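Engineer: Residue numbers (this note's numbering), protein chains in the order written: chain A, 1 to 154; chain B, 1 to 335.
Derived from the structure by calculation, the hints contain no laboratory data. Fair warning: this is a prediction, and the values are worked out from it, not measured in the lab. Yeah, the Cβ is synthetic: ideal placement off N, Cα and C, and Gly gets one too. Everything hinted at is true.
Within a straight-line C-alpha distance of at most 27 Å, the following computed BS3-like cross-link-like pairs (lysine-lysine) qualify:
id	chain 1	residue 1	chain 2	residue 2
1	B	332	A	136
2	A	136	A	15
3	A	24	B	95
4	B	242	B	284
5	B	321	A	136
Chain B regions said to be covered by chain A (calculated; three or more residues, Cβ under 8 Å):
id	segment
6	39-52
7	83-92
So the chains spell out like this:
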Amino acid sequence: MGAHISIPMYQRAVKQRYRLVGLKCQNCGQIIFPPKAGCKSCGALANFSEVELSGRGKIYSYTVIAGAGAPPEFAEEAAYRGSYPVVLVALEEGPRIIAQLTEPLPPEIKIGMPVEMVLRQIYTEEDVIRYGYKFKVVEEKKKLAKTIAGIEKQ
Amino acid sequence: MEIGIISYGTYFPSLRITRAEYQKALGSCGASFSEKTVADFDEDSLTMGIAAAKDALAEGINPEEISLLAWASTSPPYSEKSLSGSLTEMLGLRKNLFSTEHGQSTRAGGEAFLTAISLLKGGFGQKALVIIADSARANVKDPIEHGLAAGSAAFILGRENPLAVVDGFAAQVQENLGERFRKAGSNDLKDIGVKTFTSKAYENLMANTVNELMEKENQKPADYNYIILHEMDNRLPLKVGKKLGFREEQIIPGQLYENTGDTGAASPFLSLAAVLDQAKPGEKIIVAVYGSGAGTLAFSLTVRRAVDKIPLREKLNYDKKYLNFIQYLKVKRYL
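Given only the sequences and the hints, what does the whole structure look like? Please build it.
Structural biologist: Laid out in structure tokens, this is it:
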């Protein structure tokens, strides 16, 4: 079963979905993402300032969604990818968020791997493309070309 | 004060398909790359443009300072819908900026670039962000599809310590039927498949435009260090360049097609980034942009300072993943 998010609801949250704008509690300094009505650290209900998070973090945990397990809005992508990884990312600033891990995928996903946010299409509903954040593994530079599906470079 | 490029950024998706894979699947390949870039399932010209823009902004540019935004793509995610608001929200730019969006042909990138330069000259603020991205589609049975690839480039333009300044420009248009077109309502590029006919327009118009630019500047081919000729394939630029009197050493640094395929409107600007990666202060560059149908733009630049950036040609080799033909059909949503 999918979780339908109406376009007005999605639009209200574009700042957080497009570039990780969260809140900082002026009372205790806690970074809150996604933005909420109150601070979960000190309970303050007012005095928050907006803060754009760096998008850098580490894989805190992950799972792989099998094709048939994908919610309907991801069915097309699941049909393409077969299965796809979803990660719980511990962001540099503290909050932990869930998102898809996207290409270039490492040969093996490991907890603690450094990741960074990338903007991608998440899904399309009512013909409207929903853009948002995914993460990709930050790899060492100069990494040699890899292969998938046994296709060697000719 | 002179207006020029303050910083630039580029992006290529990690997916690749080889020419050999096409040949294995189809028996032949209608394009002469050795491998080409492919946008992933969740990428489009907008997400790729954002990636290049972030790369350009990472050179210590405050997004709040951007007062002018120019976008170019022949393959935008929407045929109608302004993308300036999306770009602004995705990059955290200010909302009271002037924006232009271009996309009628692969010349779009040149139009966006020169429009931004002229608007800055006309007083539309201090810094412009130009974003050019493409990932075109066509029917995979049609040879015109085989070269189509994906990539994006972005430039911050302004007066503050530019790394290269724009000296002059020339532009020409000409009626040319049946060459790379897409009818309203269609997703697929087409052409009439007569290469000798369609490449004539490229050869003549590009040569005339570059000649006009050199005449205006009172310069000859030897006075420039590099010339970038829009790569619709990897043969025409050499042919036209040599005919104009340029040597291979001036042309080859701007050639990427062999390892990228046809990146559409972004192509000459990715080439420009590759040349700026290696250019030295005082060197001169010509960029000649082509759009089917047909129109050209050529402009010249003088390099003011060397850049310290991961070279594009090195970036092109990171994290590559090779697709087989079936995977390619699926990722392009052809299947």
